[in-house]
Structure formats: structure tokens, C-alpha cells
Amino acid sequence: MDIFSISLVLSAIHLAVPIILPMLGGLISERSGVMNIGLEGMMLGGALSAVAITFLTGDPWVGLVGAMISGVVSGGILAVLTVTLRGNQVVASTAINLIGAGLTAALVPIIWGIDGTTPSVPKIPSLEVPGLSGLPVVGPLFSGLTLVDYGAIALAFAVWWVLFRTDAGLRIRACGESAESADAAGIAVVRTRFLAVTVSGVFAALGGAYLSIVALDAFQAGMTQGRGYLALAALVFGKWRVWPAVAVCLAFGLADAFALRSQIVAPQIPHDLLLALPYILALVALATFVGRTSAPAAVGKPFARA
Amino acid sequence: MSTSTPQRPVAASTTPPRQRRASRIDADILAALAARPEPGARGFVSRFVSSVAPAGAGVGAKAGAFLITVSLALLAALPIVYLSGSDAATAIEALLGGSWGSGLAIGETFVQAIPLLISGLAVAVAFHTGLFNIGVEGQLVMGGLAAGIVGATVDLPGPLLLLACLAAGVAGGALWALIPALLKAFRGVHEVVTTIMMNYIAFNVSRFLVSPSGPFVSETQPSATEKIPLEARLAVVAPGTRLHAGLVIAILLVIAVAWLLYRTPEGFRLRLVGANPAAASTAGVSLRRTVVTSMLLSGGIAGIAGAVQVLGVFGRYYDAFSPGYGFEAIAVALLGALSPIGIAAAALFFGSLDAGAVQLQAVAGISREMVSVVSGLVVAFVAAQPAVLRLLRHLRERASARRAPARPTSARRASGTDPKDPA
Amino acid sequence: MTSPAVRLTGVSKHFGPVAANRDITLSVAPGSIHGLLGENGAGKSTLMKILFGMIHADSGAIEVGGAPVSFRSSADALAAGIGMVQQHFSLIPTFTVVENLVMGRGATGWFSRWLRPLDVKTARERAVGLSERFGFGLDPDARCGTLSVGARQKVEILKALWGGATTLVLDEPTAALSPPEAEELYLVLERLRSEGTTIILISHKLPEIVRLCDRVTVLRDGTVVGDREIDDEARTDARARAGLEADLVRLMIGRERPETPSRSARALDTVLEVRGLGDGGRFGPVDLDVAGGEIVAVVGVEGNGQSELIDLLIGASPTRTGSIELDGRPLQGLSTRRRLDSGIAHIPEDRHERAIADDLSLTDNASFGFIDGAPFAPTRFWLGKRARVRFTEILIERRRVRASSPAAPIGSLSGGNQQKLVVGRELARAPRLMIAAQPTRGLDIASTTAVHEALVGLRDRGSAVLLVSLDLTEVFTIADRIVVVRGGRIVGETSTGAADVDRIGAWMSGAEERTAAA
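Chains as they are written, first to last, in this note's numbering: chain A, 1 to 306; chain B, 307 to 729; chain C, 730 to 1247.
Okay, chain A solo, but in the shape it has when bound:
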């Protein structure tokens, strides 16, 4: 088996989408001026909700909706803490991460009566694109991806469109650059940020659901393995712009796919070191390329009128 093949690309996409989705969430939140390092916890919430709802209803699509609702809840809690109550954004999102990790792990035995991994649930099926899936070389791409994968790309486009092409996007970005200026221009800063943070929860939860009911078919405590944080790194490295950040996520996915692949192809390379690859890559990227001034200027600053 060759290490470079179309199935490596496919696997890279599968590993990149659960970083792209929370990254988009983080982008929306940070562009509105709220630092969201709670993506990881929100993802875990989404992953568990997706499996639980799929388990109850038998339909993974309903599970996906369940994950989105959990995202509204976790995003809403972070919004209350950071926007309404003006708490420290790093502290509040750390709380989300701790609660997300603890609560999801604690709920597994409550729901299923067993610790660790949940029983299998139906997955979201992959989509055979008629005509295209029979193509040579790229054919597997059109039979191995699910609607969620296409949806993630559509969401990236939608986020880009709304943030950078519409009136609403200008409002959101104004809140992220200077809440006082936005307020003076008649923009409802608190409402805008609240909405942005809540939506970022939905995106993160979708990313978690992708892991549990698209890539796998079960929930496992801590299964996100830091992807929420990788999403943050991608965001910083992509300078808070949609397409560069998506590209970074794809690079992370490729690194991950490469690590998985070499486990089989080149077992002499220590597996654990390869697993560290995306994180090392992220660190090196942050160390070498990122300037000081690309973050939205008002990120981290709570807003209150005098």
C-alpha cells in the first residue's frame, strides 16, 4: 500500500472537517470580540448529544440536530458568562472545557450504565455521488464523503459570505474591532456578541458530532483529543480569515492522516511521536509566521456602557 494515495486525501478530509467546524465557530466568536477557548468542551457536548439522541431515536440526522441544540446550550452559557456578565473570557471558556469534559464522561454511565465507550449507534451514511464516484483516481472521494462533509464546506462559504460580504458581517466585525465604536454607530453590541458566541457553540458541537456519528459510531470520553484547541491554532495561524484558516485545518488533517497511515506503512516510526505531529506543526507555525497584530482588536475586552 502506498502512503500517498487518494485514500490519504479522503482520510485527511475526514480528519480536517472536525477541526474546520469548530474553527469556524471560533472565527465567528472572535470576530465579534469574544475569545472562545471553550471549543473543546463544546465539541465533547456535541459528540455525546449526537450519540445519545441517535441512540434514542435511531436516526443519526436527528442526532445531528441534538448536537446543535447542545451547542446552543454550551454557547449560550459561555455567552451569559462573557457577554452578559462580562466575566473573563479565558476563565469562562476554561470552565466550559472542564464542565464539558467532566459532564460528558459522567453522563455515559448514567445513560448506558457502562464507563468509557458507548455502544455503537447508526452512523451518517456516506454519499455516493452518481456518475462522479466511478471516476478514476478521484472516484473514491465521491463515494467516501458524507453530506456533512459537503455541508462543512458550504458552512465555510456561508461564514465567509456573511462575515465579509453582508451588513450583518460588518456589524459583527465592528464589535470585534471596537465595541465602543460599534455602539456609537447604533449596533447592539451585547446582542451581536451573544448571538455570535451562541452560534460558535453550534459549530463546535457539529464538529464534535462529526467525530462521534460520522467518523465513528460511538462516544468515548475525551474523544476530541484537543481538536478544539487545534481549531484555535488554525484560527490564529490563518489570521482570523476563513480560507487561510480552512487551509491550515486541512494541513492539520493531512498531518494526522499521514500519522495514521505510517502506523501501517512504516511501523518502525514511533506512533506516539507521530500523533504529536499536528500539535508540533501548529506550534512551529505559530512560532514562525504569526505577527503580532492580526487579531481583532477588541478580542478579550468585555463591553459595558458607561
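Everything labelled a hint here was simulated from the structure, so no lab data went into it. Just so you know, even glycine gets a beta-carbon here, dropped at the ideal spot from N, CA and C. Check before you lean on any hint, since a few could be wrong.
[Claimed, not checked] Facing chain B, a subset of chain C residues (Cβ under 10 Å, in silico):
id	residue
1	865
2	1075
3	1077
4	1122
[Unchecked claim] Derived pair list, reagent style BS3-like, types lysine-lysine, alpha-carbon separation capped at 30 Å:
id	chain 1	residue 1	chain 2	residue 2
5	A	239	C	850
6	B	368	C	1114
7	A	239	A	301
8	B	368	A	301
[Stated by the list, open to error] Facing chain C, a subset of chain B residues (Cβ under 7 Å, in silico):
id	residue
9	329
10	335
11	338
Position chains B and C against the provided structure of chain A, taking the given hints into account.
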């Protein structure tokens, strides 16, 4: 005439005086300072206590905030208790029984509190400088790993080996904090992202080093280093329990960190940079140096926490020996309001939870992940604290306005009848 | 009689125990320029923020065009035709002019807000149209961060007009402008008035008020203390003008204009000698001498090299070219701390940004720069507290700081008292050179006088003082010599006695290049 230039040799500053040790200060003020009577002499202990609980901020208010936060967090976690098919009374009984119900239990509470206390101090040192060191967990793991490797491979007499292991722990933790510190200081990369990345690198690298193909794996025990000689470990101090001499190290560190923060120039610089970096730099404090110092101290202390676990509890380095002390430490530090004494109290609280969690699972059937939920809730309530304080202040002002209607706050009520006529 | 454009009746606002506005009644005629005059802290800005819906009055009523209104946010005020130009710029530097104009104004309905592309083309055309109509000459695609202060001011006005404002509130619009730029702005305002716009002009500059306003209301300590009509006679006749101005000053500060501190310039040896100083970028090369016993003022339009000069002098940015000598000893290459130890003190421009840490106690704030070595830190491992507390008490007494205790956080003090502590701390360094950057900005009269006395006292004891100020009145009050900076260079220099405001204005704006230096 009172020209007050200190008499210093002109030549002294062309070669920067290395033995400096004197701030430039107005001679008049120096004289006034000398002439001014000392406030009533106080004993060392009361002075130390006042330094640990700084700047007159009411100790009572802090203790109150502590208790309210803890109660709210426990209350908010109650639904899990009932979802697990248990009830509050059973849970409390199990929790208290497991943490304070017997000598053994109390020992276990302290055993759990030690790494939380030390890593809580590590978090606090960085937070005081305005650095969100989320990487304490990774630094703790690397500290434990370094201690375990030195203990298993270096041949030294017992006490010396113990010291070498502790030093290795400090070095391991500090090294792991160095990279985020340099990135923050010289490239302006936010430390939250980099320290988290370092965590995951630490988990994977440490797992590799004791994996079957790793260089430090024990011949008899998978995923661990060889045992550290008994005489190089931290001895048990309370017979019949697991409580070890790490407690002494933890207490010494509380004193050392309090001293550092409130009684040394370096601590002042750390706090100043945390309070206002631009003002610090204008006042002649080097931001880069201070950021690096703070992170190295934080990482070093976190490394001690790992080393103490390895030397006091396990006697060797185990992969995944930390169930997330470094993350729980964030809750410990915040609950303790970043003050060393507060952190000690918070560590004892979380130590009780951790110790009681075993009973909680066995008797009441409640997952031990409950502890992580409670720590998350504590952090959430700490995040909400400023808002609550604002609300309280607001209510107090309104109340005092109502009590004293002549005060300007309520002038609006009187304005209709106020005879004052502008101009 | 037509109903007033804006009428405020019995408006009051308190912040905690402080009454910012008390029972204010004010009526503005449509199509007029109405001045709102008062010292810093008199409550002008608070009142206008209430009118603009940014803060809510405790009591009182507002009418716009005769109809009672109740604004819950600035969006409501904008909808009622009120536009506001803030004292601090409300533009987003990374946005273009057009983006700043359409921000928050674009669309209604969720479809056009969330999905339809923003119509930048129409907006740009409209911006160009408005800009031409009022002679602004703005590039709609320029990023606001790259514009000059004067141009940004125009964008602010354009932004207010954009939403169809018929009443415009301007808060200290010329504070950061050079005299010619200010004159340009006056013409714009007169043009707006002639087209029927009502303007409320907040200012503490008398000449500006007299030049532009049809009527002026004077505020002091949060209440209205007077209301004057300004007619053409006052504008043209020198005696009538002087009478009116004296009248207004009395109303504004409640007494006659305070005595200015004596000027006893007797320059001693050179303390600061700067030669060919540059930061390797847009600043420099600059030559500058300040002698002991002299106050030299650096004036210029904001952003023309003042902060670069200060950063180079205190060592916050590295000296790329040239030299700095203090009492004949070179400073370049030394850290900020070493410079403080060699006799530089610095009152920073932005107090909250660089001079104090709000959450720390007065004692800790008084200790800035005194924590290395005796008397407070004899060793690396000991930083005394009791000695620092006593030191703070001495500063509090000497500078008459009103504070409950040295342990109180400095954020709990008023701005004036914070500044007094900062001034005390810097004086305690026994400076050979004091760098004072806008030391009285935002302070009330009493605190301003205290700061001026401190600087003059230091000068009289033989130290050098470098005063960086945008306030020409302040400069003329205490400086002995004036240097003018523009574009990172010194373009003019004069002694205060021989100074002429028009000439300084010409230097500031670049209308006149450097003549033979005095």
C-alpha cells in the same frame, strides 16, 4: 535651596554600577521617610499573614466568596447525583466518609491535595503576571517524567538522588514552559494556544518514552520507568496512610510563593506586569524578562508537583499518572483568588472531593468525573464573580441612597422641590 | 415661534454619589450653532451622551423637534435625526471610510442583513457626493487608520450626516487639530448651518465659541450657570468681545481667571542634549537642548512625533541614530530603569495606559521604579512594605491627594487625585529631566494648577522640564521655550515671550517651514 540631586560620582554611570542597590530618590523625601515614626511594631507572624492576604482586602469577604462559590458549585452539580440514582444525603455521607471519615481518609485527602496545591501555585504565579498558563498539566507531566527518569537511571546516594529528582522535576517543567514563554515574549503569540499545544506534545512524547519501543520503559512494568530506590523517595509521614513528605514541600512552597509575590522586587514586577504591562514597561520593568521569569517559575513549580507525585505516591513514573491535576489546578488557583493561603484552602477542598470520589463511586454510584464537573462549575462561578460584586455594590448604593435621602445620589427625587435656581 | 430642535428639561444623572448633571434645562434653536461651554468635568459630555442615548438620565425629559422622545440606545437617537461626533474617535482603523460610514446603517430585515451583499458601490457614490458637497476631499476606500487627524474628524462628521442627522453634536472637535485644520473645520460647520443643520458644539475654548456660536450655555459642576446670546457685535468689536469672554470665564470657573505661575526663567547648564536622534523610521533626525531651570514645550498636531520622542528619551524604543546625553552622560543603549536611575522622570500621557495600574494599591502604584535597591529593596529577596506605605503617606500629604488609605486601589480615586500621586512619584525621583506629557489632560482647574505649580517648582530648583502638550494655553502659561514638531522633525522654535500663535499654527500645519531657529 533644596536642589535634591543625590551626590553620586559622575563617572559611576558611564560604567553601569553593578553593585547599584539604591533607587534614585529625592533627599528630602528620604529624610522625611527616616523621620517618620514606624507604625506600631508587629510580630513576624501577623506581618506575614498581612502579606499573604494583601492590601487590606477583607479576609472575611474573600472567605465568603470562597464558601459561596463552593456551595453554588456543589448545588449546581446536584442533578448528576440524582441522575445517577443516588440522593444528596447518601452522596454527602459517602463524600465526607471518603475524605474525612477516618485517619486513612484524611491522609488520602491530603495526598490528593498536595499536587493540586503545588500546581495551583504554579497557575497562580503565571496568572498574577497576566499569563494564562493552561499548560500546567503538560509541565507537571514532564516534571514527573524527568524525576522518574533521573530516579531510575542515575546512581546517587538516597537523599542526593531525591534532590536530583526534584531538581530534574523543576527543570522538566520549566523547560516545557520555556517555549511558550519565549514565543510570548519575543513573538507575541498568545500563551493559551501554545501552552495547550505543549500539553498534547507532552502527553505524546511522555507516552512514547515509556512505550514498548521507548528508551526508558521498565523491563517488568509496561508504560512506566524502573522503580526509584526507596531511600530516594519521599517518606511516608503519617504511618498507616499514604501521606508523604511532599506535604512539607507543599507548605514550604506556599510560604515561598507568598514571599515571592508580596515581599520581593521580582514578585512586584510579576504582579505589576499582570496589572498593567504598559505601565510596568514605562516604570522600567522589562516585559520580556518578566514574562519569561514568570513562566519558568510557573513551569518549575508545576514540575515539582509532578516530581512529588512520582517520588511520594508511585515511586516510579507511570504514563498518565496525572488524572488532570494541572487542569483542576486552574480551578484551585481561581477559587483561592490567586492568594497562596486561599489556594491551600481550595486545594484541600478539591483534595477532599478527589479522595471522596472513590467512595462516591463505590457507595453512591456516582462517576468520579463529578469532580471535574464541580471544578468546572467553580471556575464558571469565579468568572461570574465580578458581575455579582457589581450587582451587590449597586444594591448597596441603592440601599444607602434610600437610607440617606439628603445624599446627592437621590437628588433626583428631590429635584422637583429643590429651590436651587441655576444662574 | 418654531419649536426648538432639541429641548432638555430637568435632566439629572448621577454616577454613584457623584452628580454629573443636575436639573439641566437647555433649548437649542433649529439651524443654529449652540455652544456648550464648561471646564473638564463640568458635565458637558455626560449631558450630550444622554441626548445621544448612550447613557440614561436618572430623570428629566428630552424633546426633539417638539416631540418628546425616550432614547434607549444611540440607534434611537440616530433614528430621531441626532448625530454625534465623539471626543474620542469612534472610527475603526482597520475599516475603510465607506465601511465606517455604512457600519450598522445598512439593512433592515433579516434577508438583506444576513444574506444580501452589502451595496458598497452605492454607498461609495453617496460618500463621494457628500464629501464633495461639503468640500471634504476624502478617499472613500482609504483605511481610516491611515488618515490624518483632520481627515478622520471629517469622516466622523460625514458619518453623523450619513444617517440623515439634522442635529449634530460635536464634542471638542478641534482638541487634536492644528489651528489651520481647525479653521477648515469651522468653515465646514458654518456651511452645514447655512444648509439648515443644527449644531451643538461642546468646547472649553472661548475663541471657538465666540467665533461660531449663535448662543452659548455654560455648565459648571453639572448645572447650568448661564446662557448668553452671541451677536455679530461680540464677534467684530474687540471691547464687546473681551467683555463677553470675561463674563463667560467667570461663569465657567466661578471666579476670575487664576494667576499664572511666575516665569523666572534663568537657564543654567544644558541638561538634555539630543543630537540627530531618530528611530530608524519616520521620526527624526532631531536636535534638541533643554537647560536646567527651563521648561521647553513640544507642541504639534497629535501624532507628529511626540510619542516617538518620549519613547526614545525614556528608552521604550531603541535609538537607531544619533545621541541622547543627560548632564553630559550618554543615555542611548541604557534600559528604561537605568535612565530613571540617571535622573529622568516621566509623567506619561495616558494615565490609565502607562502611569498606573488601577487594581493595585496606592502604595504599589507609588513604588513604580523604586523597587530596585535601597531604601525599599535592600536585597533581591526583600521588598519592604512598611517603608513604602510611609513613602506613600508622604506623597499623599505633600501632593494633597485625597485618598482613604495607602492600601486603597488607585482606581478608586478621581482622575485628578491619581494624577497628583503620579506627579508626586515622579518628583520623588529627584529628576534632572522631567518629561511631562499632557500632564493636565482631563483634569479640573484645581488639579491643573497643582500640576503646573509642581512643574514650575521643579524648574525653579534647577531641573529641566520637557512639556509635551496639545494645549497651547497650558504651553503659554508655563513654558519658557516652544519647539514645534511636524512629521517627526522639529520645524520651528521660539521663546514663549516672542511667540506668536499664528506662526506656531503655521509651523504645526506645515504652512511655513522652519525658519532660522532662534
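Going through the hints against the structure:
Below 10 Å, beta-carbon pairs count as interface contacts, and residue 865/C has none with chain B, the closest being about 34 Å; its hint is therefore violated. Of the supplied interface hints, the one on residue 1075/C holds, with its beta-carbon coming within about 7 Å of a beta-carbon of chain B, less than 10 Å. Proximity of residue 1077/C to chain B holds as hinted, the smallest CB-CB distance being about 6 Å (cut-off 10 Å). Below 10 Å, beta-carbon pairs count as interface contacts, and residue 1122/C has one with chain B at about 7 Å; its hint therefore holds.
Only pairs whose Cα atoms come within 30 Å are accepted, and residue 239/A paired with residue 850/C is accepted, the gap being roughly 27 Å. Distance check on the hinted pair: residue 368/B and residue 1114/C sit about 22 Å apart at the alpha-carbon level, within 30 Å; holds. Taking the CA atoms of residue 239/A and residue 301/A, the gap is about 19 Å. The hint holds against a cut of 30 Å. A C-alpha spacing of about 25 Å is found between residue 368/B and residue 301/A, which places the hinted pair at or below 30 Å, so the restraint holds.
The beta carbon of residue 329/B is positioned within 7 Å of a beta carbon in chain C (closest approach about 5 Å), and the interface hint is therefore held. Interface hint at residue 335/B: satisfied, since its Cβ lies 5 Å from the closest Cβ of chain C, which is below the 7 Å cut-off. About 5 Å separates the beta-carbon of residue 338/B from the nearest beta-carbon of chain C, less than 7 Å, and the hint is met.
Hint compliance for this structure: hint 1 alone is broken.
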